[in-house]
Amino acid sequence: MNGSSPRPFSIKIFLPAGTPEGLRIIEKSNWTGVGVVFPRALFPDVKARSEFSRTGVYVLVGPSEEGELPMIYIGEADPIRRRLEQHQSGKDFWTWAVVFVSKDGSLNKAHVSYLESHLLTLAKDSRRSHVDNVTGSNEPSLAEADEADAASFLSDMLSIFPLLGLPVFERPRADRRRKRQMLHLRGKGLEAKGFEGAEGFVVLEGSQAAATEVPSIVRSPFLTTLRRELREKGVLAADSEHFRFMQDYAFNSPSTAAGVVLGRAANGRTEWQDGNGRTLKAIQEAQVKSTAVSEDLTT
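Taking my numbering, the leading residue of the sequence shown gets 1, the next gets one more, and so forth.
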């Protein structure tokens, strides 16, 4: 949230039913909050838990009929249970959900309105999902101390979402560029730049992408769909003979990033290269060999 260096923390995941695909209770070190993650099918069985009787914020998640990016809905309620019961019958898309409440009841209606408002802003800004909310949420006016508490709670929530496979509130951090080896991809008269990081493969703002797609892309229809979604969301914009990335954007793999840039299926491990023409694959293999040699010398 404030751009400071991440701090180490531990996560505790409790499985009440003893199955990883069932209900999960998530706690973080030195945090007053708790996350409850559950499949939609189990909601009737778990809704009697005390967490659902509290004030909180929640995210519904499911596949999108519009394409590759997930569909989400962000909400807040007091109590959570009543609102989720409405969504059980009123919203069809979601297949699982995560709820965040406080252990000590310290979250009030104004706090969760703040959390909902900021999550909506972050989700729309990252453009990594389809947001089902029809209207936005106005940020409430909070006293300085209350706003600090809500912002701290939000920061802890944001550190947990990626662990759930839901990185839809994140944009690549600009300060990480300096720590990563910059790679290039050239083809069809275009050039793109990016780097591989913890959040995936990040293509940098200003990079170009092919305006047309090769016929063989039909064998990788997800690329066509993803390119369309990125255009609709303004991540890719028409620029002369190409598209241009209007923001840094993280893909789940170098190959997906290369495929979006080139308009065809591509092996990102060989397409992305450094300034000396070394492929990402060669760079990674050299790093592995270097590590192995260092370990041999120390044994």
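Be aware that a few hints might be false.
Claimed, not checked - With a straight-line Cα cutoff of 25 Å, these simulated SDA-like cross-link-like pairs (lysine to any residue) come out:
(1) 12 x 98
(2) 91 x 109
(3) 91 x 51
(4) 91 x 36
(5) 281 x 267
(6) 47 x 133
(7) 109 x 143
(8) 193 x 252
(9) 28 x 200
(10) 179 x 285
(11) 188 x 90
(12) 281 x 241
(13) 193 x 241
(14) 233 x 166
(15) 233 x 214
(16) 47 x 68
(17) 124 x 222
To be clear, the hints were calculated from the coordinates, so they are not data collected in a lab.
Right, here's what the structure says about each hint:
Between residue 12 and residue 98, the direct Cα distance comes to roughly 15 Å. Compliance with the 25 Å bound is thereby established for this hinted pair. Proximity of residue 91 to residue 109 is assessed by CA-CA distance (about 23 Å); at most 25 Å being required, the pair is judged to hold. The hinted pair formed by residue 91 and residue 51 meets the criterion: a straight-line CA distance of about 22 Å does not exceed 25 Å. Restraint check: the Cα-Cα separation between residue 91 and residue 36 comes to about 19 Å, which is no more than 25 Å; the hinted pair holds.
For the proposed pair residue 281 and residue 267, the alpha carbon gap of about 10 Å is at most 25 Å, so the pair holds. Using a Cα cut-off of 25 Å, the hinted pair residue 47 and residue 133 holds, with the two alpha carbons roughly 23 Å apart. Between residue 109 and residue 143 the alpha-carbon distance is near 13 Å, which keeps this suggested pair within the 25 Å criterion. Note on residue 193 and residue 252: the hinted pairing holds, with a Cα-Cα distance of about 16 Å set against a maximum of 25 Å.
Simply put, residue 28 and residue 200 have alpha-carbon atoms about 24 Å apart, close enough for the 25 Å limit, and the pair holds. A threshold of 25 Å between alpha carbons decides the hint, and for residue 179 with residue 285 the separation of about 19 Å falls inside it, so the pair holds. With a C-alpha separation of about 47 Å, the suggested pairing of residue 188 with residue 90 is violated against the 25 Å cut-off. Our distance criterion of 25 Å between C-alpha atoms is broken by residue 281 and residue 241, whose separation comes to about 30 Å.
A C-alpha spacing of about 18 Å is found between residue 193 and residue 241, which places the hinted pair at or below 25 Å, so the restraint holds. Proposed proximity of residue 233 and residue 166 is supported: the alpha carbons are some 18 Å apart, at most 25 Å. Taking the CA atoms of residue 233 and residue 214, the gap is about 22 Å. The hint holds against a cut of 25 Å. In summary, the hint linking residue 47 to residue 68 is not supported, as the alpha carbons are separated by about 30 Å, beyond the 25 Å threshold.
Annotation: proposed proximity of residue 124 to residue 222 holds, straight-line Cα distance about 21 Å (limit 25 Å).
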